Amino acid sequence: MSQQDDSELVARLKAGDQAAYAQLVNDHAARIYRLALRMMGNETDAEDVLQETFLSAFKSIDNFEERASLSTWLYRIATNAALMRLRRKEPELVSVEEPVERDDGDLLPRQFFDFCCLPEEDFLRAEARAEMLRAIDELPATLRSVFILRDVEGLSTEETAAALDLSISAVKSRLMRARLKLRERLATYFSQGPVIPETRQ
Amino acid sequence: MSTVHLQHEHNRETCRQYLESLGDYVEGTLAAELCREIEAHMAVCDNCRIVVNTLAKTITLYRQMPSPELPNAVRERLFAVLDLTPYYRPGPESEDEPTR
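These protein sequence lines are chains A and B, in that order.
With the numbering used here, you'll find the first sequence wraps up at 201, consecutive numbering, no jumps.
With the numbering used here, you'll find the second sequence wraps up at 1100, consecutive numbering, no jumps.
Among the clues, some could well be false.
Pair ranges (Cβ atoms, derived) [claimed, not checked]:
| hint | chain 1 | residue 1 | chain 2 | residue 2 | range |
| --- | --- | --- | --- | --- | --- |
| 1 | B | Arg1036 | A | Met84 | 41 to 47 Å |
| 2 | A | Asp17 | B | Arg1036 | 28 to 34 Å |
| 3 | B | Ser1067 | A | Ser7 | 54 to 60 Å |
| 4 | B | Thr1085 | A | Asp27 | 15 to 21 Å |
Simulated from the structure, these hints should not be mistaken for lab results.
Quick caveat: nothing in here was measured; it's all calculated off a predicted structure.
For glycine and all other residues, C-beta sits at the position ideal for the given N, C-alpha and C.
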């Protein structure tokens, strides 16, 4: 949605127009739910984050200054809500401090299995899809949020930076760390060969 | 220390240096000169070539992952929580689709 369409909707929202509230929900709920589900890894928490996002957006619409689009603003509220919730549930995974941006050894690739040329059906198996989702769930939350906004939701680096209140270079660096971790994990997974459903426990 | 070992150590250091540019490289936003350097390195370093290819593949796989839908029941509860029930209209979701 363009910034101009936003302005008209924002004016109606600020005037307390119920139909405008409903439009905001209709326009953005599916996207916010998707983000919440990827961040939280389960439907119950995702629904809580979804509700919290819109409750909090309605409450603070008067403070919305239109520096970002409504969509980026909602992503920001949703990511914060998800991170708060994750921090309560898994404090060890969500550092309150900025993660140290260093070239830590565990980013160096170790698994060199070239899975690019596997048959396409190997990537479509339910088992492979489940592994891909588990891999996202196990990323540290601060890397997960960048990866989801940038590579799953398709936001630009600039939009991701605005949504997460990060610098462009922090977005790039976290994205790279997330991608390398996921690549490492998928390379390990695919190097073990496809899991044939019949043989699984 | 053998020459082979030294050569290996040298390569590891070079690989490490290129690691942080790989994001821009796979996005196609890296400066041309650095691209050429990386490509020259990949021509002699199988590991880096594989890392670049599988990194790009990883990104593609996630971008192609099917999006979970917003179930109507969740949408309906959201409208209720927001006191917007009169505005609720069910979306065109398929029944009982798993969302993940």
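Evaluation of the provided hints:
At roughly 45 Å, the beta-carbon separation of B:Arg1036 and A:Met84 lies within the given 41 to 47 Å, and the hint holds. Separation of A:Asp17 from B:Arg1036 is about 56 Å and departs from the stated range, judged on CB atoms against 28 to 34 Å. Between B:Ser1067 and A:Ser7 the C-beta distance comes to about 28 Å, which lies outside the given range of 54 to 60 Å. Judged by the Cβ atoms, the range 15 to 21 Å given for B:Thr1085 and A:Asp27 holds: they are separated by roughly 18 Å.
Taken one by one, the earlier hints fail for this structure at numbers 2, 3, listed in ascending order.
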